[in-house]
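*Asks:* Fit chains B, C and D to the supplied structure of chain A, relying on the hints for placement.
Protein chains in written order, with my numbering: chain A, 1 to 332; chain B, 1 to 332; chain C, 1 to 332; chain D, 1 to 332.
Do not rely on the hints blindly, as some may be mistaken.
Mimicking PhoX-like on lysine-lysine, the simulated pairs with C-alpha atoms at most 20 Å apart in a straight line are [to be verified]:
| hint | chain 1 | residue 1 | chain 2 | residue 2 |
| --- | --- | --- | --- | --- |
| 1 | C | K6 | C | K31 |
| 2 | C | K22 | B | K301 |
| 3 | C | K301 | B | K22 |
| 4 | B | K31 | B | K12 |
| 5 | C | K81 | C | K69 |
| 6 | D | K112 | D | K150 |
| 7 | D | K321 | C | K330 |
| 8 | D | K321 | D | K112 |
| 9 | A | K239 | C | K239 |
| 10 | A | K330 | B | K321 |
| 11 | A | K22 | D | K301 |
| 12 | C | K321 | D | K321 |
| 13 | C | K69 | C | K31 |
| 14 | D | K146 | D | K112 |
| 15 | C | K330 | C | K112 |
| 16 | B | K239 | D | K239 |
| 17 | D | K41 | D | K69 |
| 18 | D | K22 | A | K301 |
| 19 | D | K301 | D | K142 |
| 20 | A | K321 | B | K321 |
| 21 | C | K150 | C | K112 |
| 22 | C | K321 | D | K330 |
| 23 | D | K31 | D | K193 |
| 24 | A | K321 | B | K330 |
| 25 | D | K6 | D | K22 |
To be clear about the criterion: a stretch of chain A counts as covered by chain B if any three or more of its residues have a C-beta under 8 Å from a C-beta of chain B, and this derived list gives those stretches [to be verified]:
| hint | segment |
| --- | --- |
| 26 | 195-209 |
| 27 | 230-240 |
| 28 | 311-323 |
Read the hints as simulated data drawn from the structure, not as lab findings. Backbone N, C-alpha and C define an ideal beta-carbon position, used for all residues, glycine too.
Residues per chain, in single letters:
Protein chains: 4
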Amino acid sequence: MIVELKNTVAEKRANEIAQELKAICIHYERKYTLITPSATKELDAKFQSEADRVTVLNDDMQLSSRAWKNETRTIDINGVKIGGTTNNTLLIAGPCSIESEEQIEQSAALLKELNITTLRAGAFKPRTSPYTFQGMGLDGLKLLAKMRDKYGFNIITEVRDATQVEDIIEYADIIQIGAKSMYDHGILRRCGKTTKPVLLKRGFGTTLQEFLQCAEFILSGGNPNVILCERGLRTFETKTRFTLDLCGAAWMKQYSNLPIILDPSHAIGYAYGVPDLARACTAMGVDGLLIEVHPNPKVAKSDASQQLNHDEFRTLANSLKAVAGAIGRKII
Amino acid sequence: MIVELKNTVAEKRANEIAQELKAICIHYERKYTLITPSATKELDAKFQSEADRVTVLNDDMQLSSRAWKNETRTIDINGVKIGGTTNNTLLIAGPCSIESEEQIEQSAALLKELNITTLRAGAFKPRTSPYTFQGMGLDGLKLLAKMRDKYGFNIITEVRDATQVEDIIEYADIIQIGAKSMYDHGILRRCGKTTKPVLLKRGFGTTLQEFLQCAEFILSGGNPNVILCERGLRTFETKTRFTLDLCGAAWMKQYSNLPIILDPSHAIGYAYGVPDLARACTAMGVDGLLIEVHPNPKVAKSDASQQLNHDEFRTLANSLKAVAGAIGRKII
Amino acid sequence: MIVELKNTVAEKRANEIAQELKAICIHYERKYTLITPSATKELDAKFQSEADRVTVLNDDMQLSSRAWKNETRTIDINGVKIGGTTNNTLLIAGPCSIESEEQIEQSAALLKELNITTLRAGAFKPRTSPYTFQGMGLDGLKLLAKMRDKYGFNIITEVRDATQVEDIIEYADIIQIGAKSMYDHGILRRCGKTTKPVLLKRGFGTTLQEFLQCAEFILSGGNPNVILCERGLRTFETKTRFTLDLCGAAWMKQYSNLPIILDPSHAIGYAYGVPDLARACTAMGVDGLLIEVHPNPKVAKSDASQQLNHDEFRTLANSLKAVAGAIGRKII
Amino acid sequence: MIVELKNTVAEKRANEIAQELKAICIHYERKYTLITPSATKELDAKFQSEADRVTVLNDDMQLSSRAWKNETRTIDINGVKIGGTTNNTLLIAGPCSIESEEQIEQSAALLKELNITTLRAGAFKPRTSPYTFQGMGLDGLKLLAKMRDKYGFNIITEVRDATQVEDIIEYADIIQIGAKSMYDHGILRRCGKTTKPVLLKRGFGTTLQEFLQCAEFILSGGNPNVILCERGLRTFETKTRFTLDLCGAAWMKQYSNLPIILDPSHAIGYAYGVPDLARACTAMGVDGLLIEVHPNPKVAKSDASQQLNHDEFRTLANSLKAVAGAIGRKII
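In isolation and in its complexed conformation, chain A is listed as follows (with noise of 0.2 Å):
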């Protein structure tokens, strides 16, 4: 249950009710709201004149639900918009990983070529195996700093584990929580007290109660920028790297008032189905897309296989255009 409190009340008064209520209390649109367990389905007679508006809810799918919020949040990163009435989507690209200043640079440079105002590469990278490439780590955040300042970009990187949360905190400008992490209380509460931008991937294994249920950490912490971000499912087939949730992604459009970025690289595994999917989940109507490009895959560090390579990615960005504007949106 949500109790949005008038907002003639204070702050020690909103904290007295949310502890006999056992509810977290967060501050929102310049009111106290108050978040119940979902078990509790009626607000105490004592406490309805200070309460503006009440919602009972089926499930702990609270703050993201659209029961409670049905317009999709707006989300502002540095300017760039989405969600909300924009119609945008917002092409996010780069890299799997930071290489070298000369790799990154060549990315960079082809986003600036493009129009492409966020871009994506990893630093802390959450392998599988210990003997293989970990990441340049904290001077690889340095490095995409570098491109920030230098063209202007929205950087979006990831965080592996709670030891480097902060580091990611202060570079990034739109913190992304990997596939694998998704659960980390430790990453989860600590973006709850923060106010960027928050992509949070779904886990492979993953239900989108369950994920939907890990954004609603970061929301009741009292960040109310949360975007959701679909990578594919691990299902019983292997011929392609995971299976991309395109009706969860449905499920999610109707049910949830976050935004969503679909992530097509990360879910086929394999370059040459990446064009297609990409403009699948473009025609879905979604907020954004996820690419992984790098100016020469067959040496990537990391994910070799799903890169496009550059003049596949600008054949690519044309043709999303086209895609996006018959179903009415933009490309930004």
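*Replies:* Just chains B, C and D, lined up with the frame of chain A:
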């Protein structure tokens, strides 16, 4: 291994060679063609002079592979063509089940209004419970035939098991093998002996490799007109009925020479998501879509939750044209 | 809802009531019993006086449920009994396929030596490729019948599709419906009209609910002798062929009145794990096991990797007795 | 590739060689051992004279593989030993969460009564919702420590994220890394620097290959005491919470040198099935079991449905001894 014999080799000789190679012999494009187990990697020298072309394959996805024939097959359904160089996207629509003459007539009128040429509807339903509606059976087929005669549609309907395969072959223009019947050797082998187009739906628990090998049962039986249909996998996610596998569709486009049709209605199982998914499927650049539409979904005797009503479908059909146009294809 | 009519109600009247209730009517334990869709929750007052017992059910798992009949059904296979209060664990063994008289004779001799009463082997194989061994067909069935006559075994063999169902019913003592044929209405409906025991294997992509509802097709056809077989689910894990679902077996033991047989050989797909898994299955306290054993697994024409050789099987059979004994059961 | 250097090679030289080979260097059984990426298949001739043994491996499952060390590792938990040649099956039991001193004291008394040496209970709970009980945190750890001091138990408890890893290492005798934290590099890397035993639970969406590679992060950090725990996969079947993967357990027994513990309680998620499953797990011949038991499951603050009550647990513990005995093992 596929051995295409010279067109001077007669049937009797072709069969002799087939027997020696433990191969299946079909007549395709005016030549006898032998398909051995893929474990056979070399043609004995003594047959070399009789062979036109020998294609060694990695696995038993043989006749359906681009490794053998690189171009997508053209399928001609009484003059309506898909695949090859057509750039056509065939929009197939209709109700889940034939329920009455009045109902199927309403569906037919809608299709006629929208210039749609292919009507789908089920007569023998593979229901999961014996205690619910099982379909109209042969009476349903006759109603479909009536619509064909009246409106000039092509008719597609499902064969449930080997006991009705003769009826379906007689009445349908495209024989649909459903997801639950996909491994049915009685159906597959019989469909190999006709040349009517067969739409083979992928089982929801079926790998791409197995799916293509089921298509091989039909192709190696002598019927070259097989269309693949992806309709959703069964995964751990149950907010939607199934998980549409567009990564799998991308793989099939890359590795198979068979046309591909996608079925977003059965995949998600809920009408709210069908329009977005149908646009995504169209943007994938595949050869067709199957959409369920019903004059009054609420009272439908099967799949009530996923069928669009007529107004929703009209709006969708229009937007699909725009998306198809954006990628250089045409809805037919 | 299941309505058991008084045993004074005659067939004609039973059918009249059935028609009015849109119910299926079977004759079971000397009474007419009607099964309505589970959506029906109340028996009209006018029929109350003719009903002995009315059981309202949550879903279409009806005749198979403990909610209706709490005790496990006893299945009598020519005098060999499982289920009920027997505490018997039936060990069924034999090769994947009948390959020759010599081979099946060797298998039969092994079973005889170990006092095993039930021989399994396949004649019509549901192979995934048309280019490999498809089974010996009717000739194989005749070899099985020869072994039965010679050794007094019960024979279990698989029906692949509706085109051989008559042959299998004629030759088999237990009709096996394989995982890929589990939804085959042609087979299910025909098996409802015999009273021979039917071993129904769960499809690898089939939920427990659907599985039990397939059993309902046979039970509601009038055959009370259905045995459930769990043989592994298809999951994302591919180091083993399938994932044996013992949690599902526990659920079936709790909620269904049908005996349960487990098939560890097909589940793991590799001989190394079969003994440990077979002991685990025995310790579950189920009604039987299916184990593949072959005189020379390396040259087997199908499932070569998972069949035990004769020595491995002898050792296993002994250890199964000890495990069964530890939980108060007996291997037969 | 694993290169075991001669015991005459000193640390400094070992590190030099490691650097040149891009290898990780650990000190194990009185020798320096280098682990290169598995892609490296040959040791340069110039190092041959310093190497004792070189093991080339197929993939990055290296230190955990039987291909390197064929015998199961012995893990000594303050004198309680599993693995190796012990034939011990360690029964670990206790409530899901520590809820109060009274509750954990009752659990402890039950274990004492049954001569069970290892108490499990969670303090930092990785809950799926922010609006429900999150565990007692550090206060819970202190209660566990009190039970250890009073009864002489070994204590196992879960680290939720990298922010409490120091506390858990301080208080626990076995550090449990939960299924949702399995990929957490912050935890894995820190656990590599202690020598306390680590029980690593397999993620419910994690392949065996990935699971073992996560174990490699700990092993290659220098901690040889890793125990694998299978606790159920997430599959399409939702009648039970997860699907216990005993085929996977069989694979781990065959290919890994790490001891294996199974967790039937979390796998099925319902108390009714835990006894049968626990007996099945015991019959697999693994090194231990984790069972949830609570003084009053109905009021448990987490996992209420799956915890046994004390009487159910007493009965179970007895029957496990019989099953273990039947396969030559001993419950400790």
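*Asks:* If a hint holds in the structure, say so; if it does not, say that too.
*Replies:* Structure-based check of each hint:
no.	hint	result
1	C/K6 to C/K31	holds, 7 Å
2	C/K22 to B/K301	holds, 14 Å
3	C/K301 to B/K22	holds, 14 Å
4	B/K31 to B/K12	holds, 13 Å
5	C/K81 to C/K69	holds, 19 Å
6	D/K112 to D/K150	holds, 11 Å
7	D/K321 to C/K330	holds, 19 Å
8	D/K321 to D/K112	holds, 17 Å
9	A/K239 to C/K239	holds, 15 Å
10	A/K330 to B/K321	holds, 18 Å
11	A/K22 to D/K301	holds, 14 Å
12	C/K321 to D/K321	holds, 16 Å
13	C/K69 to C/K31	holds, 15 Å
14	D/K146 to D/K112	holds, 14 Å
15	C/K330 to C/K112	holds, 18 Å
16	B/K239 to D/K239	holds, 15 Å
17	D/K41 to D/K69	holds, 18 Å
18	D/K22 to A/K301	holds, 14 Å
19	D/K301 to D/K142	holds, 19 Å
20	A/K321 to B/K321	holds, 16 Å
21	C/K150 to C/K112	holds, 11 Å
22	C/K321 to D/K330	holds, 18 Å
23	D/K31 to D/K193	holds, 17 Å
24	A/K321 to B/K330	holds, 18 Å
25	D/K6 to D/K22	holds, 19 Å
26	195-209	holds (count 4)
27	230-240	holds (count 8)
28	311-323	holds (count 3)
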